[in-house]
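*Asks:* Listed here are the chains, written in short residue letters.
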Amino acid sequence: MNYNWNWSILTAEPYLGWLVSGLGWTLLVSALGWIIAFTLGSLIGVIRTLPSKPLRLLGTVYVELFRNVPLLVQMFIWFYVLPELVGEDLGRWMKRDMPFPEATSAILCLGTYTASRVAEQVRAGIESIPRGQVMAGYAMGLTTKQVYRYLLIPVGYRIIVPPMTSEFLTIFKNSSLALTIGVAEVLYQARQIENYTFQGFEAFTAATLIYLVVTMIVVFVMDRVEAKTRIPGYGVQGNT
Amino acid sequence: MFKKVMILVVTAVMFAATGSTAADFYGTLAKIKETGTIVLGHRESSVPFAYIGPEGKPVGYSMDLCMKAVEAIETELGMDLEVKLVPVTPQTRIPLIANGNINIECGSTTNNLTRQEQVDYAYTTFITGTKILTKKGSGIKEIEDLAGKAIALAQGTTNERAIKENIEKLGVKDVKILSVKDHAEGFLALQTDRVDAYSTDHILLFGLIAKAKDPAAYEVVGRFLSFDPYALMLPRDDSAIRLVVNRTLAGLFRSGEIKDIYNKWFMSDIPGSQALMVPMGDTLEMNFAVQSFPK
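Quick mapping for you: the protein sequence lines, in order, are chains P and V. Remember, my numbering sits 2 above the position in the first sequence when you count from 1. Remember, my numbering sits 1098 above the position in the second sequence when you count from 1.
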């Protein structure tokens, strides 16, 4: 292999600045996407467990739609297709005058896609609570809303902390797809460095390390959260 | 006396033995001979150099030149080769050549000195430069008119850098730049009015117009903002394969066959699109004349 290694470009300006700015965009897009994903996903997840059939159908349609279309295709649809469908004026505003059109499309896309996955996790958490508990709740005179508020949601969420951590890490890594619509995040900057210096391996190693460090920090924090929120004696096997 | 004769005979035999053994191939040619396969990298939407035609196969001016080179390599190695076609993008073409995954890149790659640190090039086969594509009536005639407007640029191209440098040098204010992956997306952004202009090598802009649904709505404007000679990309430090490819190209330049190949792709209807109608021009003719090395 004919390759001239040169690690010093990673610490040289302007490339270091590009990586830092890329990291900023990655964190921003992931964080805002996660906020949308968590709130919308929780809502849909709860809706899918409600007694009302039409509401459950609504939730199912949402989840199946957003879960089964590839994320890259969804990015394209949000960025290129949606402005064409909403009518002349709104479309024009979306394409030209809206601030940060690429980042907005990326955030909405990541948010709605991850929401469908969060919804499934929430549904699994709630449905894993024994039916006896829910019946006891109703027998005590709680309304459906109270059953959810005092019983299903507090217990359900504590059960799904580990898969929820996975979803957050996944949205963080999926944010790299935003580069296809022009968001200048970490992977985009790595490619830009490769274009200017042709030191591709160094640039991508840097991007990999950045992703690794951030995900390690998240896992470290979430481990503490999981330990704190675990319900003693509830799980059959868990002892981490 | 007998001793002298014997010395003469032995020397003669030694010379005869070392006379004309088959040349030892090294580098890429050795690898090609060993695997029986030659891998060509091609672009997917660089009309008319290398693009996917209506039948789903890559065709184009660079593809034709590459296939001529493949024939010459087959003759050189004395064997038939299986041709593998690998699509590449501006991002991947240099790493793929540098690590040996593809043997020749047949596309619309500019030959410049920075890239020559990683790869090698055959003789120049086309000359172009950066220009701007825009919709008629947009009021953009030169790069200075981009003030306050939006332009799409393909990440990783020399044109991206040329436009950015010119914007800074000329102090054009308030230009929004949208980064896209390749020409098809840049044109889509222009078509849907997301940007006011798209910029790349001028000949590729003509190719994009010819493939559009409404070619009359677009025009190529502005002066040349860069000098871009195209050439086939080859692995670095491998004079053997470069010689075979250059020999083929010089042969085409000398015999004038290059004119027929040029007219086939630039002056007549091509698969999947109307004719570009871009005449050869003096600079390109001189380029072919100057590179017509004798045998």
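A portion of the hints provided could be inaccurate.
Chain V is faced by these chain P residues, among others (derived, beta-carbon under 7 Å) [to be verified]:
1) Trp-95
2) Lys-147
3) Gly-184
4) Asn-197
5) Gly-202
Worth flagging that the hints you see were computed from the coordinates, not collected in a lab. Every value quoted in this text rests on a predicted model; they were computed, and no experiment measured them. Beta carbons are placed, not taken as given, at the ideal position from N, Cα and C, and that holds for glycine.
*Asks:* Taking the hints in turn, state whether each one holds.
*Replies:* Hints versus structure:
no. : hint    : in the structure
1   : Trp-95  : violated (12 Å)
2   : Lys-147 : violated (45 Å)
3   : Gly-184 : holds (4 Å)
4   : Asn-197 : holds (4 Å)
5   : Gly-202 : holds (5 Å)
Taken one by one, the earlier hints fail for this structure at numbers 1, 2, listed in ascending order.
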